[in-house]
Amino acid sequence: MGGRDPPLRASEKGGDFSPPRSPAPATGGGEKSPPFCADFGGGWVGSGLKSRANSKAGHRPGPENVTDLGFKQCPSPAPTETLVILHTHFAMNYRFQNLLGAPYRGGNVVVVNNSLLISPVGNRVAVTDLVKSETITLPCQASTNLRRIAASPDGVFLLTVDENNRCLFINLPRRAVLHRISFKHPVSAVKFSPDGNLIAVAAGKLLQIWRSPGFKKEFFPFELIKTFADCNDRITALDWSPDSQFILAGSKDLTVRLFYLKQSKRKSYNKPFLFLGHRDAIVAGDIVAVMLNIRNRGRDVSEPESPGTPELRHGENVEGENEGNLLKRKDYDGKDDNFDEEDGFLLHKMKWELLKKDFFMQAPAKLIACDYHRGLDMVVVGFSNGVFGLYQMPDFVCIHLLSISREKITNVVFNDLGNWLTFGCGKLGQLLVWEWKSESYILKQQGHYFDVNCLAYSPDSQFLATGADDNKIKVWTVSSGFCFVTFSEHTNAVTALHFMASNHCLLSASLDGTVRAWDLFRYRNFRTFVTPTPKQFVSLASDQSGEVICAGTLDSFEIFVWSMKTGRLLDVLSGHEGPVHGLMFSPTNAILASSSWDKTVRLWDLFEGRGGVEKFDHTHDVLTVAWRCTQLKAVETLLGGRLTTDRRSAANSTAGKCFTTLCYSADGSYILAGGSSKYICMYDVADQVLLRRFQITHNLSLDGVLDFLNSKNMTEAGPMDLIDDDRSDGEEGVDKQTQNKLGYDLPGSKPNHGRPVIRTKCLRIAPTGRSWAAATTEGVLVYSMDESVMFDPTDLDIDVTPEAVDEALRDDQPKRALILSLRLNEDTLIRKCIITVAPADIPAVASSVPFKYLQRLIEALAELLENCPHLEFILRWCQEICKAHGHSIQQNYRNLLPALKSLQKAITRFHQDLADTCSSNEYMLRYLCSTSNKKQ
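Under UniProt numbering, the first residue of the sequence shown is numbered 1, with each subsequent residue one higher.
Just so you know, the hints here were simulated from the structure itself, not pulled from any lab data. All values derive from a computational prediction rather than experimental measurement. Every residue gets a Cβ at the ideal spot worked out from N, C-alpha and C, and that includes glycine. Mixed in with the good hints, there may be bad ones.
As the list claims (entries may be wrong) - List time: in silico DSS-like cross-link candidates among lysine-lysine, alpha-carbon distance up to 27 Å:
1. 205 / 132
2. 366 / 351
3. 712 / 184
As the list claims (entries may be wrong) - Quick list of simulated restraints, FRET-style, between CB atoms:
4. 882 / 131: 45 to 55 Å
5. 827 / 574: 47 to 57 Å
6. 695 / 558: 32 to 42 Å
Using the sequences and the hints given, assemble the complete structure.
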């Protein structure tokens with residue numbers, strides 16, 4: 001492991017892997033395939049599964065091969081083999097859950113239903129519930145970074161447009177893509193009409209009106225209604241009238257045009273009205289004044305004149321009101337070209353006048369973003385210096401003028417009620433929701449400025465800590481996706497993180513030469529470990545007791561050992577001749593394993609004082625190390641994805657393709673590996689075969705995602721993607737998303753013009769085993785186990801059916817019903833059987849459950865504890881299971897560890913919630929008692 005891989009055999013090139021017990025005939029010298037060696041250019045591979053290459057070659061599966069479902073053909077499988085297949089199925093059932101570390105990178109933000117905040121993050125969409133304080137990321141992906149998003153007025157449909165002008169029409173509640181379409185021109189703005197029937201799209205100089213598709217499946221759901229080609233330059237902003245009949249379009253030709261959608265009775269061309277006088281490209285701020293005039297002019301003319309209403313021209317004296325409450329001129333003949341019997345006044349034919357100009361007085365800052373709320377008649381604007389202003393119209397009264405960022409504000413938006421303001425800063429990755437009346441924050445989230453280097457799960461799997469090149473450490477709540485604390489004491493990049501067993505202490509190592517310990521109760525740095533001379537730390541480990549802290553260095557190739565209680569330096573371990581990039585203690589004893597770029601792995605006995613115990617030599621640099629009981633694993637090559645500057649194809653190029661991070665599952669049955677590739681690989685430890693590959697992203701804005709490059713994009717000067725395009729007029733953070741990468745902007749630092757390269761820097765599996773996280777170029781990807789659509793019975797028989805379970809419940813046989821549901825292994829039936837058991841019968845039913853179903857029962861109790869209101873009832877179940885099966889749990893705790901961790905996580909979460917509630921109630925009762933005593 002870790003050495004140079006031998007040449008792949010002919011069968012391996014197609015991805016056909018045979019288990020060690022039945023090796024396939026080898027060619028090319030008869031070399032055997034090393035463990036975990038795979039050609040990732042083929043199809044899905046696994047233990048005994050046929051590859052696509054062998055299928056095409058006509059290879060037929062023999063009696064030792066496996067069927068298409070991956071189950072071995074044998075007449076009577078042993079129970080142990082059945083359990084292994086069951087666990088493998090569970091391990092492969094991971095699905096994308098959330099994206100952490102990057103709440104916002106640019107583009108427009110949308111608020112629907114007053115409380116759902118929708119923001120683009122790379123090629124994905126993040127939805128934040130401001131009431132429940134949780135965020136989710138939709139599983140659908142666009143081809144490149146998203147440029148514009150729009151939501152229907154009812155919040156059901158979401159429209160996304162990426163940099164390749166490809167559009168996704170998404171059902172937001174179902175999180176499913178309904179339709180797709182590609183536009184021919186770059187899209188700079190898109191918006192639904194207020195009635196939700198039409199969609200306005202600014203495609204270059206063209207204004208296109210499309211009919212909004214619905215739920216019904218159609219051959220071509222998008223229907224182009226009308227196209228306006230009146231603008232002389234790119235359209236930058238759109239806005240609809242409340243009746244969905246008129247639309248405003250502002251463009252870079254310094255004009256705003258008012259379009260009428262319906263066809264006139266004369267079938268003549270409806271020429272738009274032009275609002276002139278602007279001195280710069282139109283943004284939403286310039287459209288606000290026009291929308292105010294449309295709103296005032298479109299109401300009943302009988303209303304009294306206000307400062308926002310255009311004045312009457314000289315010579316048009318008002319005589320009085322007629323029966324229809326309409327103002328009438330003296331020379332009025334009853335026919336008005338500006339009035340239509342069906343649609344009322346035709347606003348685009350009226351004559352509009354400029355009433356007044358108001359200046360923000362923020363020079364030299366520029367206006368970047370703006371939004372107008374019709375109900376409150378208020379305007380919010382964002383400037384390039386990080387200042388925002390809130391103004392009452394039409395008198396232009398400044399309500400707030402505050403600075404919230406040191407970079408430009410790229411997006412501002414009201415919610416429907418107008419009480420919350422949403423601000424986005426793409427450069428810093430900030431997303432803020434502010435209530436302007438109480439002047440308080442509803443939401444304040446910020447991602448890492450640079451790439452995330454390291455991850456660490458808390459022992460109860462509730463928290464996830466991330467460290468990045470921006471010198472910051474952030475701790476996230478996994479269930480909600482929110483960051484609740486940020487530590488910024490480090491002065492250089494954070495390279496390693498480690499949670500202590502107490503769950504409330506976090507260790508961090510940095511290139512600034514310090515190892516710091518953080519208190520998650522008081523949110524402070526309570527201990528700092530340093531060396532006599534400054535060193536750069538790149539790895540970190542702690543023993544099981546938490547008394548010894550070890551850190552490996554990048555420059556001196558040494559391992560430093562400190563005492564956690566005193567903070568004193570205990571020992572310095574020397575012997576490596578390269579950077580020590582991997583450190584890990586054995587889970588069973590006090591042996592420390594270290595991996596280095598000197599092509600060695602060393603074992604150290606710290607407590608016996610014998611120093612180095614054993615040394616393992618490799619033929620390549622060892623980048624990481626991972627323990628599993630008494631087994632030690634290293635890294636190998638990894639294929640997939642071609643960079644723009646690569647001269648070889650992805651299938652033949654191994655340059656730079658290597659694993660850099662490994663992680664074992666909680667029970668040690670499978671291993672995750674990632675590195676300089678777009679894939680994360682899952683291996684089965686027992687059979688030493690590839691189970692599944694997870695592709696990090698399909699975002700073509702990143703380098704290394706495509707396997708085959710398009711020859712049409714090659715020019716004499718090189719690939720078109722690497723040629724500087726200084727003519728682009730798109731503003732970063734507004735028209736396109738930002739991607740801050742350390743050192744990419746330095747001259748000559750990157751041959752691909754600063755285009756981010758897809759890779760995985762760190763992998764961690766949660767102690768519960770039900771989720772894992774990966775620190776990638778896109779952010780922190782969280783995958784969790786999805787059991788929504790899964791049928792995996794443990795002991796299926798002809799009599800084990802859902803009807804049999806229901807019949808046992810009707811006959812008042814809770815023991816039989818629970819065992820049948822566990823054999824059937826359906827979540828809904830197991831929960832139903834648990835809930836229907838009477839509290840007095842819980843001890844008898846819990847003691848009757850066989851041990852082989854105990855893990856599934858504990859997992860069901862953990863899920864019920866998080867979602868069920870019957871807290872005491874579920875805790876009674878847990879207590880009786882521990883009483884009845886305590887000895888068996890102690891003897892087989894390694895196999896039950898993931899389920900027990902899940903149960904501990906649920907109980908700890910409830911305990912914290914109840915403690916907070918009881919504390920607040922206690923203080924409230926004390927206050928009431930004290931006030932009552934004073935009155936007496």
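Hints and how they fare:
For a cut-off of 27 Å, the pair hint linking residue 205 to residue 132 is broken: about 41 Å separates their Cα positions. Straight-line distance between C-alpha atoms of residue 366 and residue 351 comes to about 30 Å, which puts the hinted pair past the 27 Å bound. Of the supplied pair hints, the one linking residue 712 and residue 184 holds, its CA atoms being roughly 18 Å apart against a limit of 27 Å. Separated by about 37 Å at the C-beta atoms, residue 882 and residue 131 break the suggested range of 45 to 55 Å.
Taking 47 to 57 Å as the suggested C-beta distance range, the pair residue 827 and residue 574 conforms, at roughly 54 Å. At about 39 Å, the CB distance of residue 695 to residue 558 agrees with the hint of 32 to 42 Å.
Of the numbered hints given earlier, the model fails hints 1, 2 and 4; all others are met.
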